[in-house]
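Single-letter residue listing:
4 protein chains.
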Amino acid sequence: MPKTLIKVDINKSPEEQSDVLHNRWHPDIPMVAMVKPGDEFRVECIDWTGGQIGNNDSANDIRDVDLTKVHYLSGPIGVEGAEPGDLLVVDILDVGAFQESEWGFTGLFDKANGGGFLTDHYPDARKACWDFHGIYTTSRHIPNVRFAGIMHPGLIGCLPSRELLNEWNKREAALVSTDPDRVPPLAALPYAETALMGRMTGEAAKEAAKEGARTVPPREHGGNCDIKNLSKGSRVFFPVYVKNAGLSMGDLHFSQGDGEITFCGAIEMAGYLDIHVSVIKGGMEKYGVKNPIFQPSPMEPRYNDYLIFEGISVDEQGKQYYLDAHVAYRQACLNAIEYLKKFGYSGEQAYAILGTAPVEGHISGIVDIPNACATLWLPTEIFDFNLKPDAEGPKIMVTSKVDLASTS
Amino acid sequence: MPKTLIKVDINKSPEEQSDVLHNRWHPDIPMVAMVKPGDEFRVECIDWTGGQIGNNDSANDIRDVDLTKVHYLSGPIGVEGAEPGDLLVVDILDVGAFQESEWGFTGLFDKANGGGFLTDHYPDARKACWDFHGIYTTSRHIPNVRFAGIMHPGLIGCLPSRELLNEWNKREAALVSTDPDRVPPLAALPYAETALMGRMTGEAAKEAAKEGARTVPPREHGGNCDIKNLSKGSRVFFPVYVKNAGLSMGDLHFSQGDGEITFCGAIEMAGYLDIHVSVIKGGMEKYGVKNPIFQPSPMEPRYNDYLIFEGISVDEQGKQYYLDAHVAYRQACLNAIEYLKKFGYSGEQAYAILGTAPVEGHISGIVDIPNACATLWLPTEIFDFNLKPDAEGPKIMVTSKVDLASTS
Amino acid sequence: MPKTLIKVDINKSPEEQSDVLHNRWHPDIPMVAMVKPGDEFRVECIDWTGGQIGNNDSANDIRDVDLTKVHYLSGPIGVEGAEPGDLLVVDILDVGAFQESEWGFTGLFDKANGGGFLTDHYPDARKACWDFHGIYTTSRHIPNVRFAGIMHPGLIGCLPSRELLNEWNKREAALVSTDPDRVPPLAALPYAETALMGRMTGEAAKEAAKEGARTVPPREHGGNCDIKNLSKGSRVFFPVYVKNAGLSMGDLHFSQGDGEITFCGAIEMAGYLDIHVSVIKGGMEKYGVKNPIFQPSPMEPRYNDYLIFEGISVDEQGKQYYLDAHVAYRQACLNAIEYLKKFGYSGEQAYAILGTAPVEGHISGIVDIPNACATLWLPTEIFDFNLKPDAEGPKIMVTSKVDLASTS
Amino acid sequence: MPKTLIKVDINKSPEEQSDVLHNRWHPDIPMVAMVKPGDEFRVECIDWTGGQIGNNDSANDIRDVDLTKVHYLSGPIGVEGAEPGDLLVVDILDVGAFQESEWGFTGLFDKANGGGFLTDHYPDARKACWDFHGIYTTSRHIPNVRFAGIMHPGLIGCLPSRELLNEWNKREAALVSTDPDRVPPLAALPYAETALMGRMTGEAAKEAAKEGARTVPPREHGGNCDIKNLSKGSRVFFPVYVKNAGLSMGDLHFSQGDGEITFCGAIEMAGYLDIHVSVIKGGMEKYGVKNPIFQPSPMEPRYNDYLIFEGISVDEQGKQYYLDAHVAYRQACLNAIEYLKKFGYSGEQAYAILGTAPVEGHISGIVDIPNACATLWLPTEIFDFNLKPDAEGPKIMVTSKVDLASTS
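Protein chains in written order, with my numbering: chain D, 550 to 957; chain V, 550 to 957; chain G, 550 to 957; chain R, 550 to 957.
Treat the hints loosely; a few may be bogus.
Identical copies go unnamed one by one, so any copy, or any two together, can satisfy a pair.
[Stated by the list, open to error] Within a straight-line C-alpha distance of at most 30 Å, the following computed DSBU-like cross-link-like pairs (lysine-lysine) qualify:
#1 Lys585 - Lys937
#2 Lys950 - Lys719
#3 Lys618 - Lys944
#4 Lys835 - Lys950
#5 Lys950 - Lys868
#6 Lys618 - Lys792
#7 Lys937 - Lys890
#8 Lys759 - Lys792
#9 Lys937 - Lys891
#10 Lys792 - Lys937
#11 Lys891 - Lys950
#12 Lys839 - Lys950
#13 Lys868 - Lys792
#14 Lys868 - Lys835
#15 Lys944 - Lys891
#16 Lys556 - Lys792
#17 Lys944 - Lys835
#18 Lys868 - Lys660
#19 Lys937 - Lys839
#20 Lys868 - Lys618
#21 Lys618 - Lys561
#22 Lys890 - Lys944
#23 Lys891 - Lys839
What the hints contain is simulated information worked out from the structure, not anything from laboratory work. In this text, all values refer to a predicted model and were calculated from it rather than measured experimentally.
Using the sequences plus the hints, can you model the full thing?
Structure below.
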């Protein structure tokens with residue numbers, strides 16, 4: 550095991566661990582540790598909500614979650630010699646849950662507090678808890694399904710430069726201004742009150758908190774990409790914007806489907822990452838890199854027998870959109886949910902399966918005006934019954950009465 | 550070899566073969582042949598343009614293509630006993646080029662005549678021709694790349710009912726009316742002049758031509774989905790809307806990347822499909838099916854070593870979009886093109902590679918406001934040089950001066 | 550389609566086509582055609598028995614087959630510039646059945662005439678015929694099973710030098726002399742009477758026939774390797790022993806399991822190969838190559854859900870062998886057959902499935918004295934029922950009364 | 550994390566831990582713990598030699614290893630309700646190294662003390678040590694190679710009945726008697742002196758030690774199968790011979806190639822297994838099971854780009870063997886070693902790579918008299934240079950002077 554560079558305590562609040570945690574992006578957040586190119590080290594992470602969600606059968610915590618606090622990141626870690634314009638090469642050697650905490654959660658956020666991809670269809674807070682069994686997971690809230698995890702950090706990237714930070718704030722504010730009262734909002738703008746600025750202190754921290762970028766979206770530096778394939782064994786090339794790079798990470802997932810459609814849609818967990826770093830000097834220019842690029846792992850779960858659902862960019866009300874892959878993928882998801890309901894799942898259970906299982910979401914056609922065509926690939930081997938269509942029609946196989954936890 | 554149900558002649562014009570071809574969707578187009586559930590048969594197809602594009606080194610034909618004529622489909626084929634509400638089960642047993650015509654083409658359409666996913670960046674007509682070598686293909690216009698084909702019909706589906714046809718025409722007209730002068734247009738509305746209505750004749754054909762849906766987009770019935778994974782060996786479940794189903798197909802591709810981003814972006818070819826059909830009575834209701842669903846083939850090319858490019862929904866001008874997977878995938882594509890240019894490819898060559906090779910396009914994150922995150926998966930094994938980043942930086946490996954064919 | 554270099558007629562006898570066929574290995578067989586490095590061409594092949602086996606429901610032809618005649622090979626093909634010590638690089642671009650002959654056969658040879666891996670258990674002649682459906686095959690003699698083909702030449706290689714031929718004949722004669730009356734024999738020694746020596750004529754042909762090596766075994770040059778993974782899309786590096794190499798090929802298989810255990814165990818067919826050749830000068834020495842090496846295809850059937858059977862080197866009578874992988878694999882095969890019988894298959898059907906389906910046979914442990922451990926990997930997805938063990942025990946799923954064809 | 554059922558201390562001798570360890574198979578060894586069907590639990594294991602081999606640069610410990618002591622197994626574990634004739638269903642949920650012991654070793658045993666598959670070529674004791682980096686491993690003794698582990702127990706199975714034990718002893722003694730003075734011996738017969746009989750005590754233990762079967766070979770119950778694919782995520786069905794089954798396991802491997810050809814050929818480690826058990830009553834008869842069967846994991850390393858070496862059953866001296874897959878696989882291994890030497894590896898390094906990396910060994914042809922054909926599949930992606938043949942010939946890429954550790 551490599552040395553543990555950053556240690557956390559899942560029984561303490563994030564605020565008590567501000568020496569190694571932060572929840573905003575800002576160029577001035579001090580490094581919490583320095584490493585050299587070639588180093589291998591372990592980074593521990595609390596779950597993205599900082600312990601707001603419990604392993605129980607009520608969704609009240611999901612309903613009441615404070616989303617201005619997320620995501621709690623471990624770092625930033627300084628890499629000696631890394632400079633703006635370099636590429637930071639990050640090998641994600643391993644990802645795991647803490648042995649004393651082998652469980653995770655999936656939430657459907659309330660439409661008024663977070664929402665999700667299908668929030669108009671599933672507006673209420675709900676929760677599924679998952680138990681880990683080695684490489685597999687099952688949920689007491691979703692019967693007849695079991696799959697191998699594809700563990701990865703939902704969020705990882707380097708600190709932005711001031712210029713980049715300003716650009717983010719400017720463009721996101723411009724978007725919000727087009728519909729400032731929307732629920733959920735169009736973007737998560739800086740919010741000082743709950744900002745955790747790591748080792749910044751005093752007035753500087755207060756000022757930085759006002760402009761620190763929220764961690765919700767993916768951006769040029771990577772960030773909250775929620776790419777399920779940044780899994781253990783992958784190699785990622787990150788743009789460097791500040792001296793020593795400042796690599797931070799968190800939001801660990803035991804598994805996730807493409808799109809992470811329930812928003813809190815992966816199987817969220819606390820745990821650790823084993824990391825190796827090196828640097829390609831001037832790599833951004835050399836390779837023309839603007840966003841991170843990566844090589845996937847040779848060790849992802851190998852499900853090959855899929856049932857694939859198509860969706861086109863005509864919405865639920867029959868309105869036509871122009872090559873809109875968002876609408877098309879939503880239709881593919883809704884189609885898959887309707888299908889799963891025929892076997893006995895509730896809509897919420899089906900929604901949670903699509904968000905957590907190693908489901909693939911493809912942009913299949915994006916030029917055939919006016920319809921985009923998206924496909925959702927559902928691995929059939931994760932179910933303990935035969936899911937494929939046949940002449941007899943579906944049998945109700947999901948006979949258990951359990952369902953996702955509700956609010957009370 | 551199964552019996553040939555539909556025979557075409559690639560040396561004749563489509564108009565001379567209207568007994569087996571049509572290029573509009575309409576419920577009243579007569580069946581050209583009847584089959585029974587359980588039958589296996591061969592269907593020959595001309596290329597989607599009906600022979601407008603030649604195997605030569607000029608892109609004039611791409612520039613001048615008449616897109617009101619496409620796509621030429623073989624069919625419709627009637628299936629005994631199939632009724633509205635059924636699912637037509639189509640096994641695509643084989644797909645192949647004609648032995649005397651083992652080549653294909655990829656076009657970048659002119660922005661004023663068709664356009665494409667990156668038409669603002671690549672507005673001029675260009676063309677690449679591809680030679681087939683058994684399971685592989687290479688292009689004299691794109692050096693250092695060779696890959697195994699994933700042959701499939703870009704377009705396949707059943708005739709719409711009158712109600713469905715009316716709905717299509719209504720919603721697409723509504724979209725066009727929001728910006729009627731746009732170039733390229735927002736949708737391809739009915740256009741009687743070049744309609745080929747199969748075996749319809751006289752006044753009925755003229756009337757139907759005025760309302761016959763264009764074949765460009767994918768719709769509820771499938772149609773021009775351009776899903777590369779409807780490959781040989783796959784099984785597709787199509788909704789049935791009219792008596793005897795009326796299955797038509799065409800637009801054969803030797804290979805295509807997810808998104809078919811250059812519009813004429815697959816490797817387009819003439820050829821044949823071997824098909825087996827059966828019926829699930831009442832399957833639409835039984836399985837809750839609105840759009841086709843399918844099972845992929847066990848025989849697709851197995852490339853596993855990818856370099857993956859990320860894109861977010863901030864456009865080339867820095868404008869922020871809300872969870873827009875279209876914009877995000879465009880950025881991922883542009884990022885991949887910039888990368889490939891560092892190894893010596895022209896932008897147009899890189900663009901054509903992304904459209905034709907078995908590239909995957911994933912919707913990786915679709916809930917992290919305001920940014921969608923899309924990923925483009927480029928198989929590295931299709932290049933005859935090492936494409937991965939390293940400390941030395943890229944070497945110019947593509948030293949040949951050839952490029953895509955231009956107009957003259 | 551590449552030009553057809555060698556054309557055959559499946560309705561004529563091999564003897565009538567001696568201008569392009571031969572059935573012995575000898576350095577003096579004249580080239581039937583010359584090609585250049587870089588050439589691409591088609592080679593047609595009759596089936597390995599030269600038409601002795603029919604598409605019918607009697608195994609009489611299997612029982613009576615003349616095995617001194619096999620295998621009929623197309624070639625030898627001369628490659629300009631190839632010299633002893635070079636490596637001939639052969640790209641197998643495509644393999645296919647003739648369109649007018651889309652069927653194949655699998656035989657269990659009579660113990661007294663050929664035998665097979667389990668001939669002590671299944672000593673009688675039996676036959677299964679297979680129909681091809683695009684990439685898939687089914688047999689009217691083996692219900693409930695359907696799989697994608699992995700088409701390949703069972704036999705391909707270059708002519709031996711005189712020295713190599715002498716070595717073959719010497720060592721094989723020495724083996725036979727240890728038990729000269731064994732049935733089946735320990736090896737197939739030269740047999741002039743039925744030798745087809747291609748374009749050799751007169752006395753020279755007669756003399757050569759006496760020493761021409763039989764085509765049955767794989768040897769240093771490749772030959773009858775029966776490696777299922779020399780499939781379309783693979784690249785093979787063959788040692789060259791004579792001027793112009795002299796490449797011959799035949800024994801096409803639609804599919805085969807590792808080991809080809811029924812001897813006539815693949816799905817045997819007539820058909821064609823599309824080939825590209827090039828040369829690595831001095832490659833044998835440069836790379837230390839004694840036997841062919843190869844790179845597999847990216848297009849093999851992808852079955853991933855296996856049930857795996859173990860076998861150890863203790864034979865059916867309980868006798869212990871020393872690290873004998875042959876005995877171990879036989880036990881694994883017998884174990885798999887017993888398992889399949891529990892679902893309703895006859896032993897002969899199960900045997901034929903193991904010989905033809907894309908079954909893998911692994912040498913799992915070969916050092917743990919005294920037992921070798923072999924594993925047989927049976928893809929479960931080729932059956933139309935659930936083959937995996939569960940608490941209820943197997944149900945008889947194979948209810949059809951059909952069985953392999955017998956003799957009359 | 551499941552509860553730890555069996556805890557070991559890698560800093561104590563096996564003899565000090567006889568309450569949970571044993572190194573012989575005998576029906577009377579008492580259960581060390583009882584579990585119920587449906588239970589999930591962790592089993593810790595010391596390395597197979599019980600700590601005889603050190604993480605250092607001398608092979609003296611390999612030379613001097615006491616092979617009468619191996620393998621040290623954790624167990625036996627009793628499963629309530631399991632009876633002779635049942636199948637014990639074992640889910641291997643996870644396998645891992647101890648965090649304080651993330652290294653492993655590979656040994657080439659001295660010919661006079663253990664030997665190995667190629668002991669006539671490599672008769673001297675040598676050693677490679679491996680460091681684990683998350684899912685990957687590298688060795689300071691073998692440069693330019695890095696691969697993802699396929700962790701598994703080399704040895705797992707249930708206690709034999711008295712009848713089965715007697716059969717083992719009888720047949721193995723019979724084999725040894727055919728050449729009793731052979732070095733290495735033909736089999737490892739019972740040897741009381743170093744027997745560790747678990748919780749058996751007194752006279753009973755002494756008597757049992759005299760007949761307790763050595764753990765070296767795989768047998769009907771599974772045992773030391775060294776099947777690399779019993780990896781984490783697999784499900785194994787074991788025959789039950791005694792009341793409560795008595796499941797024992799050990800000999801953990803971080804990785805191994807098919808055949809484990811260097812005998813101590815895997816990457817040997819201490820570590821843990823997470824296990825779930827259930828029972829199929831009467832399963833042996835129901836499914837006709839004699840040896841274990843298993844379903845592989847969806848999470849094995851996915852290397853697809855192989856270079857494949859053929860071998861036939863003619864030995865190094867040119868002697869012909871009859872369908873001998875052992876000899877054929879040895880030739881394939883020797884061919885691969887010669888090839889790797891051309892790139893700069895020592896023979897010993899190449900030998901160790903074949904034993905440890907996820908190499909596949911296939912029985913490709915086993916009926917083409919007189920030659921068996923075996924193939925060795927070497928994944929090319931584990932090397933940091935291009936291993937494939939080309940016209941220029943190999944470059945010496947392995948320039949480091951390091952080699953396997955020797956004796957002093």
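Status of each hint after checking the structure:
1. Only between protomers do Lys585 and Lys937 lie at most 30 Å apart by alpha-carbon distance; the minimum there is 23 Å, versus 52 Å within a single protomer.
2. Proximity of Lys950 and Lys719 under a CA criterion of 30 Å is satisfied in neither setting, with 49 Å inside one chain copy and 43 Å between copies.
3. Taking CA atoms no more than 30 Å apart as the test, Lys618 paired with Lys944 passes in neither setting, with 44 Å inside one copy and 45 Å between copies.
4. When the C-alpha separation of Lys835 and Lys950 is checked against a cutoff of 30 Å, the pair qualifies only between copies, where the shortest distance is 22 Å, while the shortest distance within a copy is 57 Å.
5. Proximity of Lys950 and Lys868 under a CA criterion of 30 Å is satisfied in neither setting, with 36 Å inside one chain copy and 47 Å between copies.
6. In the homo-oligomer, the alpha carbons of Lys618 and Lys792 lie at most 30 Å apart inside one protomer (27 Å), although the nearest pairing across protomers, at 56 Å, exceeds that limit.
7. Taking CA atoms no more than 30 Å apart as the test, Lys937 paired with Lys890 passes in both settings, with 13 Å inside one copy and 26 Å between copies.
8. For the homomeric pair Lys759 and Lys792, the shortest alpha-carbon distance inside one copy (22 Å) is at most 30 Å, but the shortest distance between copies (65 Å) is not.
9. For a Cα distance limit of 30 Å, the shortest separation of Lys937 from Lys891 qualifies both inside one copy, at 12 Å, and across copies, at 25 Å.
10. In this assembly of identical chains, the alpha carbons of Lys792 and Lys937 lie at most 30 Å apart only when taken from different copies (25 Å versus 54 Å within one copy).
11. With identical chains, the CA atoms of Lys891 and Lys950 are at most 30 Å apart within one copy only, with a shortest distance of 15 Å there and 35 Å across copies.
12. Taking identical chains as interchangeable, the C-alpha atoms of Lys839 and Lys950 lie at most 30 Å apart only when they sit on different chains, with a minimum of 27 Å there against 49 Å within one chain.
13. Proximity of Lys868 and Lys792 under a CA criterion of 30 Å is satisfied inter-copy only: 27 Å between copies versus 49 Å inside one chain copy.
14. In this assembly of identical chains, Lys868 and Lys835 lie within 30 Å of each other by CA distance solely across copies; the values are 26 Å between and 45 Å within a copy.
15. Taking CA atoms no more than 30 Å apart as the test, Lys944 paired with Lys891 passes in both settings, with 8 Å inside one copy and 26 Å between copies.
16. Proximity of Lys556 and Lys792 under a CA criterion of 30 Å is satisfied intra-copy only: 24 Å inside one chain copy versus 47 Å between copies.
17. With identical chains, the CA atoms of Lys944 and Lys835 are at most 30 Å apart between copies only, with a shortest distance of 10 Å across copies and 57 Å within one.
18. For a Cα distance limit of 30 Å, the shortest separation of Lys868 from Lys660 qualifies both inside one copy, at 22 Å, and across copies, at 26 Å.
19. With identical chains, the CA atoms of Lys937 and Lys839 are at most 30 Å apart between copies only, with a shortest distance of 16 Å across copies and 42 Å within one.
20. With identical chains, the CA atoms of Lys868 and Lys618 are at most 30 Å apart between copies only, with a shortest distance of 26 Å across copies and 37 Å within one.
21. When the C-alpha separation of Lys618 and Lys561 is checked against a cutoff of 30 Å, the pair qualifies only within one copy, where the shortest distance is 15 Å, while the shortest distance between copies is 48 Å.
22. In the homo-oligomer, the alpha carbons of Lys890 and Lys944 lie at most 30 Å apart both inside one protomer (11 Å) and across protomers (29 Å), since each shortest distance falls under that limit.
23. Taking the closest pair of Cα atoms, Lys891 and Lys839 come within 30 Å of each other only across two copies (14 Å); inside a single copy the shortest separation is 44 Å, beyond that limit.
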